[in-house]
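Chemist: Chain residues, written in single-letter form:
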Amino acid sequence: MAVISPQRRRAIALLALTSIIFVTLDLQQSGSTSAVRTVFGVLFRPVEGVARVVTRPVSNAWNGITNYNDVTAENRLLREKIAQQEGASVAAAASVRLSQELLALNGLPTLAGINSVSAQVIGDSPSNFAQSVEINQGSESGIKVGMPVLNAAGLVGKVTKVFPNRAVIMLITDPEYALSVKVVNAPKTTASTVADPEAAPIETTTTAPVATTSKIPGFTPGSTVPTAMVTAPNATVAVPSLTIPAGSSLAVRETGVLEGRGPSRTPIVRFIDTEQRFGEIQLGSPIVSAGGSLSLAPPDIVVGTVTRVNKRLGTAGPVLEIGLVADLTNLSFVRILLYQPITEQKAP
Amino acid sequence: MLVGLIFLGIQTTILSEMRPFGVMVQLMLLIGVTAGAIYGPEVGALSGLIIGLMYDCVLTTPLGLAALVLGGVGFGAGLLPFFVRDPSWWNRAIAIALFSAVGEILFPVAQGMTGIGGWVQPRMFVVALVVALINLFLAPVVMPLIRWTLKQSMIG
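The listed protein sequences correspond, in order, to chains P and E.
Under the working numbering, residue 348 is the last one in the first sequence; the count climbs by one each step, no gaps.
Under the working numbering, residue 156 is the last one in the second sequence; the count climbs by one each step, no gaps.
Certain hints may be false.
[Said to hold, decoys possible] Dumping the calculated SDA-like pairs for lysine to any residue here, alpha-carbon to alpha-carbon at most 20 Å:
no.: 1; chain 1: P; residue 1: 161; chain 2: E; residue 2: 114
no.: 2; chain 1: E; residue 1: 151; chain 2: P; residue 2: 7
no.: 3; chain 1: P; residue 1: 161; chain 2: E; residue 2: 117
no.: 4; chain 1: P; residue 1: 161; chain 2: E; residue 2: 115
no.: 5; chain 1: E; residue 1: 151; chain 2: P; residue 2: 5
no.: 6; chain 1: E; residue 1: 151; chain 2: P; residue 2: 11
no.: 7; chain 1: E; residue 1: 151; chain 2: P; residue 2: 8
no.: 8; chain 1: P; residue 1: 161; chain 2: E; residue 2: 116
no.: 9; chain 1: P; residue 1: 182; chain 2: P; residue 2: 259
no.: 10; chain 1: P; residue 1: 311; chain 2: P; residue 2: 271
no.: 11; chain 1: P; residue 1: 161; chain 2: E; residue 2: 16
no.: 12; chain 1: E; residue 1: 151; chain 2: P; residue 2: 9
no.: 13; chain 1: P; residue 1: 161; chain 2: E; residue 2: 57
no.: 14; chain 1: P; residue 1: 144; chain 2: P; residue 2: 39
[Unchecked claim] Quick list of the computed label-pair ranges, beta carbon to beta carbon:
no.: 15; chain 1: P; residue 1: 310; chain 2: E; residue 2: 3; range: 45 to 51 Å
no.: 16; chain 1: P; residue 1: 68; chain 2: E; residue 2: 2; range: 34 to 40 Å
no.: 17; chain 1: P; residue 1: 67; chain 2: E; residue 2: 145; range: 25 to 31 Å
[Stated by the list, open to error] Sample of chain E residues with no beta-carbon within 12 Å of chain P, all distances over it, derived:
no.: 18; residue: 88
no.: 19; residue: 89
no.: 20; residue: 90
no.: 21; residue: 91
no.: 22; residue: 94
no.: 23; residue: 98
no.: 24; residue: 102
no.: 25; residue: 138
no.: 26; residue: 141
no.: 27; residue: 143
no.: 28; residue: 145
Quick caveat, the hints were computed from the structure, so don't treat them as lab data.
Ideal Cβ positions, reconstructed from N, Cα and C, are used throughout, including at glycine.
Whenever a hint applies, use it, and build me the whole structure from the sequences.
Modeler: Take a look at the structure:
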């Protein structure tokens, strides 16, 4: 049976009071709690390093037992995907470059103009109730709180705590994470199937809808027309032509707010307006960061695609469930954009 | 303190990678609760508060929150002798599992009370159940270790 000790009780009261004061100070974003964490981190790093080395064989064995089949299947799938995407990536890189040149020419912010720091993920969150990872770069590399974090696929999260040579990243799936995003609604496509009764192979074609009529004389969306016709008494000279894009095939954008919902549920996008122009939201439509002076991330960082549209009654817009392009369960290397949003900058 | 640091090292390395059923084993919670189940509410609360403060330093939640939760459940686990006279090892193991589950539920609730919302969701009951089951099996291994550790320290 336990022995009652006044000293212990005093110690308990003191520690409980200290904890309450720490909680209060941390919620006020006091620098003293950061200092406590930094000092503890300096003391704890060597212990953690030794523990990592000693326990590595055990964790490797565990991963070998639990993930072997998944890894081999994933490897096979990835090889196929790489083969498919090698050709497409060349064309995509050219398009991205062109788009960034155009944005730069117009004085608009581009990702290419933002410096970045690469970092390795060195640890997951040691809690069941936080979605974060730790990286091996910190304030010494120019990383600050609020900076967006990407991997090769897309947006991963944002920096929430920075130490001299490490930082903590809050993942998009954390319920505390919110970001303004754009839904790029792809034009609706129609598929028609032609079946040959004489056992001919089935041919499937996908076509974008075209404008049916136009009341403007000489204007047909999607067509190419001469810009001017110079008619001389004896000859007709056509000057370089102008292509009018089909209005209905242009992507329409609408902004909303992306919110994380924890590891077991996909993030959602709220506050999408149900405008006539925006139309039905297509599954698979890309979600990109909206940008803007108050946004946590610069514009046009790929976040994910729409996997489900939950319609709501009345004027409340739909809620979109998002499939993230970045695999947050398997992060190894990330890129931190040296872009600090205004909202995350501390007042001098 | 040194043993606590070693346990924290294990928690942040191997246990953050090994996640049975997608749930992390809560070794720090297990230590706080086990100390209470063996030595009573005062030692449980004291161990929980100290271990919790160390754990807080590696978490992203407000500093001191895990300390309060672990201190609370350590104290709660220490009340076992008031309900069971001369508890056997398996009585203690059940109490450890029970209070581990309580601690795992209290943590997102405490987060919610400080304004970090979104974690109070049905998943927390699944997490609590898995943590309780794992701690039930780990308790017989950890109990002698905690006995030895606290015998060597001033707390015990």
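Chemist: Would you mind marking each hint as holding or not holding in the structure?
Modeler: Here is how each hint holds up against the structure:
no.	hint	result
1	161/P <-> 114/E	holds (18 Å)
2	151/E <-> 7/P	holds (17 Å)
3	161/P <-> 117/E	holds (19 Å)
4	161/P <-> 115/E	holds (18 Å)
5	151/E <-> 5/P	holds (16 Å)
6	151/E <-> 11/P	holds (18 Å)
7	151/E <-> 8/P	holds (15 Å)
8	161/P <-> 116/E	holds (16 Å)
9	182/P <-> 259/P	holds (13 Å)
10	311/P <-> 271/P	holds (12 Å)
11	161/P <-> 16/E	holds (19 Å)
12	151/E <-> 9/P	holds (19 Å)
13	161/P <-> 57/E	holds (12 Å)
14	144/P <-> 39/P	holds (19 Å)
15	310/P <-> 3/E: 45 to 51 Å	holds (50 Å)
16	68/P <-> 2/E: 34 to 40 Å	holds (36 Å)
17	67/P <-> 145/E: 25 to 31 Å	holds (29 Å)
18	88	holds (15 Å)
19	89	holds (16 Å)
20	90	holds (19 Å)
21	91	holds (14 Å)
22	94	holds (19 Å)
23	98	holds (18 Å)
24	102	holds (14 Å)
25	138	holds (15 Å)
26	141	holds (15 Å)
27	143	holds (16 Å)
28	145	holds (16 Å)
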